[in-house]
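One line per chain: the protein sequences are A and B, in this order.
Under our numbering, the first residue of the first sequence carries the number 1, and numbering increases by one thereafter.
Under our numbering, the first residue of the second sequence carries the number 113, and numbering increases by one thereafter.
Keep in mind that the hints were calculated from the coordinates and are not lab data.
You may find that some hints are simply not true.
Footprint (simulated), chain B over chain A, 3 or more residues, beta carbon under 8 Å [said to hold, decoys possible]:
{"id": "1", "stretch": "30-43"}
{"id": "2", "stretch": "46-52"}
{"id": "3", "stretch": "99-106"}
All residues carry an ideal CB built from backbone N, CA and C; glycine is no exception.
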Amino acid sequence: SQTIHQWPATLVQPVGSPLSLECTVEGTSNPNLYWYRQAAGRGLQLLFYSVGIGQISSEVPQNLSASRPQDRQFILSSKKLLLSDSGFYLCAWSPGQAEKLFFGSGTQLSVL
Amino acid sequence: GQSLEQPSEVTAVEGAIVQINCTYQTSGFYGLSWYQQHDGGAPTFLSYNALDGLEETGRFSSFLSRSDSYGYLLLQELQMKDSASYFCAVGGGTGGFKTIFGAGTRLFVKA
């Protein structure tokens, strides 16, 4: 069966520090991968998605970037965090045309 | 671009039926899906419609009308554990891989 791993569960970072969140999928090949951010009590904002290694579509460039160095690995990064980067970050994967997304458990990021 | 609208809150009593509506605008529509999210948790998939009509999965059903750019999620025999946020999401863009979510509907189930 397929599983998605996302870590850490919580993260507290000072303003201006770098960020690296990693997500890996097991049990499938060539998944479509997604990064979303959710503010408290709000909807999911699509940040990046990838349909293959090295292929990244950016929806909200700002000071975030994403990379897909391996087929089942998706990394979200920032060189300098802003206060506005705080939120619940969710990684997800889908097998096909995004008819069904499977989410990781999320990372609660607090930038102080 | 893509956008979705759904009510912010719905309240219903245990055992009742509730319908959560969703209207959308998108280019290259590939399907409408629904997700449930409990506080502090990740969204979980509930249902998906690519074609017009009703899809039934246990107590949950989802409906789609592509000509009206409209869909709804129907929850029957409501239980307290159904209290959660419900999101509609639309797949679009080139190849249908770009999935955008609505702002979510908070469902409160009362005893």
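Going through the hints against the structure:
no.: 1; hint: 30-43; verdict: holds (count 5)
no.: 2; hint: 46-52; verdict: holds (count 3)
no.: 3; hint: 99-106; verdict: holds (count 8)
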